[in-house]
Amino acid sequence: MTPVATPFFFYLLSAMAVLSGLLVITRKNPVHSAIFLIVTLLSLAGLYLMLYAPFVAGVQIILYVGGIMVLFLFVIMLVNIERAEKEHRFNKQWHVATLAALLLGALFVTVYYRGTDLLAQRILPAMPESSNTQSVGTMLYGTYMLPFEIASVLLLVAIVGAVVMAKKRI
Amino acid sequence: MHFWFLEHIWLIPLLPALGAAAMFFFGRKVSKRAVSVICVGLVVVAFLMAVACVWQYTDFAAANNQAPFQKSVYTWLGSGSGQGDYGTKTGTAAFNVEAGFLLDPLSAVWLLFVTGVGMLIHIYSIGYMGHEGGYYRFFGYMNLFMFAMLTLVLANNYALMFVGWEGVGLCSYLLIGFYFKKHSASTAANKAFIVNRIGDAGFLLGLFTLAWYLGSVKFTDIAHTLASGNFHVGDPILTAACIALFVGACGKSAQLPLYVWLPDAMEGPTPVSALIHAATMVTAGVYMVARSSAIFTLAPEAMKLVAIIGALTAIFAASIALVQNDIKRVLAYSTVSQLGYMFLALGVGAWGAGVFHVFTHAFFKALLFLGAGSVIHAMSGEQDMRYMGNLWSKVPTTAKTMLIATLAIAGVPPLAGFFSKDEILWQAWRSDAGTLKLLWAVSFAAAVMTAFYMFRLMYLTFWSKPRMTEEVKHHIHESPKSMTVPLVVLAFFSLFAGFLGVPHSLGGDNRFEKFLEPSFAASEQVMAGEAAAAEAAAPAQEEHTNSTEYLLMFASVCAAGFGWWLAKRNYGKADEGYVEPLSASVPPVYNVLFNKYYVDEGYDYLFTGRRTLGPVRLGVMGLGEASSVFDANVIDGGVNGAGWLTRAIASLSVLWDKWIIDGLCVNGLALVTRVASYPVRLLQDGQVQWYALAMVGGLVGFVLYYLWK
Amino acid sequence: MLQIGIAHYLVVAACLFILGTIGVLTRRNVVVILMSIELILNAVNLNLVAFSRLYGLHGQVFSIFVITDAAAEAAVGLGIIIAFFRNKETVNVDEVDLLKW
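Residue numbers (the working numbering), protein chains in the order written: chain A, 10 to 179; chain B, -15 to 693; chain C, 121 to 221.
Don't take every hint at face value.
Said to hold, decoys possible - Okay, the calculated bits of chain A under chain C, using three or more residues with CB under 8 Å as the criterion:
id: 1; stretch: 22 to 35
id: 2; stretch: 42 to 56
id: 3; stretch: 62 to 70
id: 4; stretch: 75 to 81
id: 5; stretch: 111 to 122
id: 6; stretch: 158 to 168
As the list claims (entries may be wrong) - Calculated lysine-lysine pairs in the DSS-like style (CA-CA distance at most 25 Å, straight line):
id: 7; chain 1: B; residue 1: K378; chain 2: B; residue 2: K465
id: 8; chain 1: B; residue 1: K384; chain 2: B; residue 2: K165
id: 9; chain 1: C; residue 1: K208; chain 2: A; residue 2: K95
id: 10; chain 1: C; residue 1: K208; chain 2: A; residue 2: K37
id: 11; chain 1: A; residue 1: K95; chain 2: A; residue 2: K176
id: 12; chain 1: A; residue 1: K176; chain 2: C; residue 2: K208
id: 13; chain 1: C; residue 1: K220; chain 2: A; residue 2: K101
id: 14; chain 1: A; residue 1: K37; chain 2: A; residue 2: K95
id: 15; chain 1: B; residue 1: K498; chain 2: B; residue 2: K384
id: 16; chain 1: B; residue 1: K557; chain 2: B; residue 2: K384
id: 17; chain 1: B; residue 1: K449; chain 2: B; residue 2: K552
id: 18; chain 1: B; residue 1: K384; chain 2: B; residue 2: K288
id: 19; chain 1: B; residue 1: K165; chain 2: B; residue 2: K16
id: 20; chain 1: A; residue 1: K177; chain 2: C; residue 2: K208
id: 21; chain 1: C; residue 1: K220; chain 2: C; residue 2: K208
id: 22; chain 1: C; residue 1: K220; chain 2: A; residue 2: K37
id: 23; chain 1: B; residue 1: K421; chain 2: B; residue 2: K288
id: 24; chain 1: B; residue 1: K465; chain 2: B; residue 2: K16
Don't read these hints as lab results, they were simulated from the structure. All C-beta atoms in this analysis are idealised placements derived from N, C-alpha and C, irrespective of residue type, glycine included.
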């Protein structure tokens, strides 16, 4: 498919993502945080599409948004919200923490500038026409067979763990 | 019936013992007459038995080569099992003491005069104590005394002799303190017993030394051991043993320095003074030394000591007797002086002469005391000679017998005292060692004094002007027959007993000393066994200088005469308020003599511990107190100080342990750890986000590091 | 600027990462912290997918695994929150400080 108006959509989606991300961490109501996180995730799915990774975008939407965020919303409902609304949002160390994180960000930027020569090219070439899903699938069941199986075991463990955690009496 | 009396010799001490027991159990209930019959009668029977025993002994001795007769009745100590064996110079020995009796010429002499004089004094006491209270008690004690004295004399070993020795000391105490309600009498009794006891310590030391060194305490065994020749003359252990035994004799026979009890013993009734402190108990010391002649012969140093002490005592006591006013005191000091003579004789080796003097002295001294008792009885209890006088016609029997006794003691021939005393003076002159002429000189001077004070006594009491109160003069009467008959009997013996010991130089054959020879044969054997120089010949041998002996005899007669003349000159016409010549001419000398050289006061200061100089006690007790103070303060103080020091050091250790070891090392270490870890643990505050921040910080650090690289 | 290069995507991912970090370190509500962690993971995913454009499909496969992992972790984490909420009735992380000195 032919990309159209790439910069505009890029800037739109990335602004949406960053803005929503900011809102996620600053909302008092955790439900609002969850909604904004969903927005962030959707924006990121869009960015994946622009990066010629439709499969990952699809997985992101189905799994992340449809599964994980729904789980988050359920749990938020389970825990006490009214009380949470009356409390302080930020803890005592937020000044230092913000400073440290920004410093980290500055360091990242510095690293980027230092390492720009390492990147192969700044302009992204066009992608060949082939089925992304099929390719990913082939790679998943081929080269990455073992990690795939391990991931499934991990999911099993997580299920058991979650069930055990949530039971009233073990 | 062969030697029946000898076989039953143990009856002799037993009979008076039975009398004493009878008095103890039922003396209070029977009448005075019964007491007299029982007690005096038993002593009479004992005397008769003694005569019979000695009679039979002469036969026994003739048959058995002059061996002593021994009879053992009972084994007291020791066994045959060998457990008590100990080492001596000649091998091991088993300690064995039996209740055994020995009769040889020496003990025969004592046996005879103890029972004889004792019997006479018992008879005398019937009259003398007739009006006194405690009649049965008196005779009980007298019989007990006879038992103890006879045990002493008849014992065949030192241990049984010591039983008798202690017994006579006890009876002396009981009898001196007979009038126990009188304070002076009870203190005098205590004094006698205590001073005696001091001597007894010496006796025991000597006994143990002999037992250890010679292996036995039996006389015959000891003589046998000594004759074996293993011991040399001057053996130091034997000398020590002899000196120890002699200390015992000093205590019992009132020699220097343990004589102080005898004058005070005159507090007792006069028969007691006569029997115990004149004739019998005080001669026990002489008996013991004579019995130990074999041992003493091996210790010439000890014999020298005996002789010197004897001579010194003789003159010392005689000088005190010169100025005493109590009639019994004069006689007491006279006894001490005469005992000195006896020890002098034994000390120079004249065993026979010494025993002879004991024998004669018993008679005339007992006579003097009984006569003095009779005088006191006549004078209604007055004892001070200053208030007597002119009694010759009033108490003739007493006076005449006392004159005989005085002549005897002064040494006027041919009475008994002359022969015995003269023999001693002669032996003192001719024994070896030059100093012994000095001994003769001292004893000669004492003889002069003896004559003087005895005739002074006679003049003041019987001859001079009367100095008593009218009341007393009224009551003067002669004593009853029970008292005068013994006086006459004793006077008879004083007159004629001397003829038993007439020396060779005067034509006699000295039968007394010949009789005693077997007893002292042991000492001769010892000398022969040593092959020592034989100059110290037995007295019974021929003397080679008859002329010197005659000269000395003449000198002693002159001494007696001079004493008599001096007394007559000073006291012949002593009126009321007469003045002692000494106190007129040399008052200081008179004072010293009258106060008995202040010896009693000296002992008081030194030993009794009653005198204090401010807060400090004087004498031996003071030393004891000083020692105890020293011990309590210095030594105990040192001990306590050491304890305090230990505790102080321990508290230092405590400080070190508490502050340095515990505080610095242990607790300090913990403190350092705690202080150092405090900031570190604050990092763990349980806040997860703080940990996350730390992680981010770490990440920043890593990145920075690698950027800077 | 108009030509979108790989750096743009990396910058976006970095921003999201920083926002997520701030959220983890700053917010008291534990659910929001978990959501911030999801933000971080998504930033990483973006990074991976961006680089997979240049260097092959490996990045995309890896990002699928990351999503799987994120799911498992969210499930277990939320289970823990529920269990803890039963005990202490709070969802504030700074009230859970029992394991301290």
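So, going through the hints one by one against the coordinates:
Counting residues of the stretch 22 to 35 of chain A whose CB lies closer than 8 Å to any CB of chain C gives 7, so the stated coverage by that chain holds, three being the minimum. Three residues within the 8 Å Cβ limit are the bar, and the stretch 42 to 56 of chain A against chain C gives 7, so the coverage statement holds. Beta-carbon proximity to chain C at under 8 Å applies to 5 residues in the stretch 62 to 70 of chain A; the threshold of 3 is reached and the given coverage holds. Residues of the stretch 75 to 81 of chain A lying with their CB closer than 8 Å to a CB of chain C number 4, which satisfies the three-residue condition for coverage.
Counting residues of the stretch 111 to 122 of chain A whose CB falls under 8 Å from any CB of chain C gives 6; the rule of at least 3 is met. Counting residues of the stretch 158 to 168 of chain A whose CB lies closer than 8 Å to any CB of chain C gives 6, so the stated coverage by that chain holds, three being the minimum. Of the supplied pair hints, the one linking B/K378 and B/K465 holds, its CA atoms being roughly 15 Å apart against a limit of 25 Å. Taken as a hint, the B/K384 and B/K165 pair is broken in the structure, with Cα atoms around 35 Å apart against an allowance of 25 Å.
The hinted pair formed by C/K208 and A/K95 meets the criterion: a straight-line CA distance of about 17 Å does not exceed 25 Å. A hinted pair counts as satisfied when its Cα atoms are at most 25 Å apart, and C/K208 with A/K37 qualifies at roughly 21 Å. Of the pairs offered as hints, the one joining A/K95 and A/K176 is violated, with about 29 Å between alpha carbons and a cut-off of 25 Å exceeded. This hinted pair checks out: A/K176 and C/K208 have alpha carbons roughly 16 Å apart, not beyond 25 Å.
Proximity of C/K220 to A/K101 is assessed by CA-CA distance (about 17 Å); at most 25 Å being required, the pair is judged to hold. Distance check on the hinted pair: A/K37 and A/K95 sit about 9 Å apart at the alpha-carbon level, within 25 Å; holds. At most 25 Å may separate the alpha-carbon atoms for a hinted pair to count; B/K498 and B/K384 exceed this at roughly 33 Å. For a cut-off of 25 Å, the pair hint linking B/K557 to B/K384 stands: about 19 Å separates their Cα positions.
Restraint check: the Cα-Cα separation between B/K449 and B/K552 comes to about 13 Å, which is no more than 25 Å; the hinted pair holds. With a C-alpha separation of about 40 Å, the suggested pairing of B/K384 with B/K288 is violated against the 25 Å cut-off. Among the hinted pairs, B/K165 with B/K16 is consistent with the structure: their alpha-carbon atoms are about 22 Å apart, no more than 25 Å. Proximity of A/K177 to C/K208 is assessed by CA-CA distance (about 14 Å); at most 25 Å being required, the pair is judged to hold.
For the hint pairing C/K220 with C/K208, the CA-to-CA distance comes to about 17 Å; that is within 25 Å, so the pair holds. Proposed proximity of C/K220 and A/K37 is contradicted: the alpha carbons are some 28 Å apart, above 25 Å. This hinted pair checks out: B/K421 and B/K288 have alpha carbons roughly 13 Å apart, not beyond 25 Å. Distance check on the hinted pair: B/K465 and B/K16 sit about 18 Å apart at the alpha-carbon level, within 25 Å; holds.
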